[in-house]
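Keeping their order, the protein sequence lines are chains A and B.
Per full-length UniProt numbering, numbering of the first sequence is gapless, rising by one per residue and ending at 414.
Per full-length UniProt numbering, numbering of the second sequence is gapless, rising by one per residue and ending at 313.
Since no wrong hints were added, every one of them can be taken at face value.
No more than 20 Å apart at the CA atoms, straight line, and that leaves these computed lysine-lysine pairs for PhoX-like:
{"id": "1", "chain 1": "B", "residue 1": "25", "chain 2": "A", "residue 2": "226"}
{"id": "2", "chain 1": "B", "residue 1": "26", "chain 2": "A", "residue 2": "226"}
{"id": "3", "chain 1": "A", "residue 1": "228", "chain 2": "B", "residue 2": "26"}
{"id": "4", "chain 1": "B", "residue 1": "215", "chain 2": "A", "residue 2": "9"}
{"id": "5", "chain 1": "A", "residue 1": "317", "chain 2": "B", "residue 2": "20"}
Per label pair, the in silico range of CB-to-CB distance:
{"id": "6", "chain 1": "B", "residue 1": "308", "chain 2": "A", "residue 2": "18", "range": "27 to 35 Å"}
{"id": "7", "chain 1": "A", "residue 1": "266", "chain 2": "B", "residue 2": "66", "range": "32 to 40 Å"}
{"id": "8", "chain 1": "A", "residue 1": "356", "chain 2": "B", "residue 2": "12", "range": "53 to 61 Å"}
It is worth saying that the hints were derived from the structure and are not from the lab.
No residue lacks a Cβ here, since even glycine has one placed at the ideal position from N, Cα and C.
Here is what each chain is made of, one letter per residue.
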Amino acid sequence: MNETMRNQKNKRRYTDGILNMLTYASSAICVLLLLSIFIFIFSKGSGMLGMKLLTGDYWAKNYMTSIQEKNNHPSTYKSPEDASDDMYWSERWGVGFVDARNENNEAIVLVEAIDDASPFAHLKDESRQNKPSISAESGYLLENLSYQTTQGTTRLAGNIVSQDAKTVARLLDQDAVSINKIYFKTPGGGIRGSLLTTLYLIIISLLIALPLGIGAAIYLHEYAAKNKITSGIRSAIEMLTGVPSIIFGLMGVAVLFPLTKLAGADTTNVLLGSLTMAIILLPIIIRSCEEALAIVPQTLRDASLSLGANQSQTIFKIVLPCAVPGILSGVLLSIGRVIGESAALIYTMGTYVNDSPTLLSQGTSLAVHIYNIMSSEQPNFELACAISIVILVFVFMLNLLVKLMSRRFNKAWY
Amino acid sequence: MKSYVKQYINTIENQKKLRKDQRMKKLFLMMALLASSAIAVIIVFISIKGIAPFLPNYTYGSVDFLPFITGMTWRQDQGIYGVGFIIVNTLISAFGAMLLSFPISVLTALYIAKIAPKRIAVLLSSVIELLASIPSVVYGVFASGTITLLVSSLAANFGFVTAGGSSLLAVILLLAIMIFPTITTLSITAIRSVDKEIELGSLALGATATQTHFKVVLTAAKSGIFAGAILGIGRAFGEATAVAMVAGNKMFGPTFHLFDTTRTLTTTMLAGLKETTGLDYDIRFSAGLVLMAVILLSNLILNLVKKKVGKLK
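All chains, please: the whole structure from these sequences, using the hints.
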């Protein structure tokens, strides 16, 4: 008898252990998942992060330039003190080059540093009519450069004759007496346009969705009687959360596009994306606003009403100010949603990366920019991951803020 | 709500105030109605646009409905649009993801809600929150950078060749990852809201803690857990951009083989989006309509199942 009981107990302990192990294992899987996502995104993308990524244009620009006549002669320039070791400095022209590799892994020569007085800082843009003066900048790709030698012949240097940075600097120092033409390419691959578009999207969609959402929430929480109509309105709004975002995109082009056409748009545009986003945000804002209204104590309302204020005065002067933190967390959540949204925006704003977006032109948000990169034949994973890092940083910061705020304002703060 | 202004101070000014109050109420009502009408607008307009290609007087040459809904080929270049196999693919990938994700989610939720020490529980729930807040494109980048490699090397082990890893298996794995936080969060809520007394009763009857967790707590929370599963599967159906990065968009089907490329309703709607007029564009609305129908139907069926499951004791 004792033996069988002990046996049973051992068996029980054994199965319990296995079941518990299963829960440990699945929790470990979820932690590993998050870690592997982080490691993948950050290891691939961190190399490209930097101000150049955030402020640069996406599309590379070509510059056909020549040096302004009065500067077109060699003199002596000192190499900058903070120059890196792999930079090759041309002393007589005041410009430093480095070797680099482009996305197809081909060797290229980039401009690294330029002396302020260097001829390379006094160029004129030959491709434009009035030949505005420009300066070469760090990061420009030296595609080709033709120069006059001491013998009076014209030679070529740069990428086009596949020279490395060292050769270019040496040739410039030893042979060149004047430079005829320089063909630069700007690096490209920046996300300034997408950042701007994302900002437009956030501002406009919130401008529309916030008043509408707060108004609806006030009606539902402060005015509405508990009847079938109210619960109908509530469930209609609730249903919006279950609609996939690609369906919102379809709705945007079908319903809202004519509206933006009135504003003068002829293609899908950023404004259309913002209007669509506003509808996607509505349920989020309404829900968080309602939750915020619910924690405002009834006694405050009663006190205000008993002092002779009417209902709308009470709402605007007493209830809403108390609900501000909750509404704010709704706003933060909405911003996170706008930053992460992609499918709806692909339909309503197109996938063309626009370096100078306006409200009525096409553009891409950061997320759609990633989609654009990933849907090309040879996706540039580094850039996609770098933009992902930017998105993740934003989204996590917003989440952290919401958390801090809800902790701070969970109890009454007024 | 009743007017709280007393009759005896009913001066002209008060009347004005009251009227303003009434106007504000109407304004708020308008806003609420506007917000709630959005769903109706979506359904009506997408239906109109989606049904248009099947009507006889459609501008770009009408499409027959029956071949569309049962068709096994989708070729934009030849103008053949059959959505039948795509529906099957969508169902397979979503339910496959659910099959994979559901047990892990529920076990994780159980660990967080009942087993883990408090600190670890807090940490793990923040991990879940972080996973939930990662946008879908980022999951897409992750999937096409790692999951596809994993799948293609796995396929090589079995002697299959994949299209660079884009496959049904990759889609299922990706969707499983994406719906994991949804199911887990709802399961945690459901498990936490189980009556403490039921648990204590089970313990008092001599069951071990683990037995109580698995047999009593999970059974009591199954309705909430199932709700999480329904929400998760809705998300799996509607996921677009991330899936489009690993699906491979096969032109015919349905795809049953794990290492074969696939095509879901959402990837079909995203693929080759260039023009904004013409049949090729309008047929996407029809696909969207089908997607909405699929989501609605599976939700209905799953809710029926949930009711049945909830009744079982």
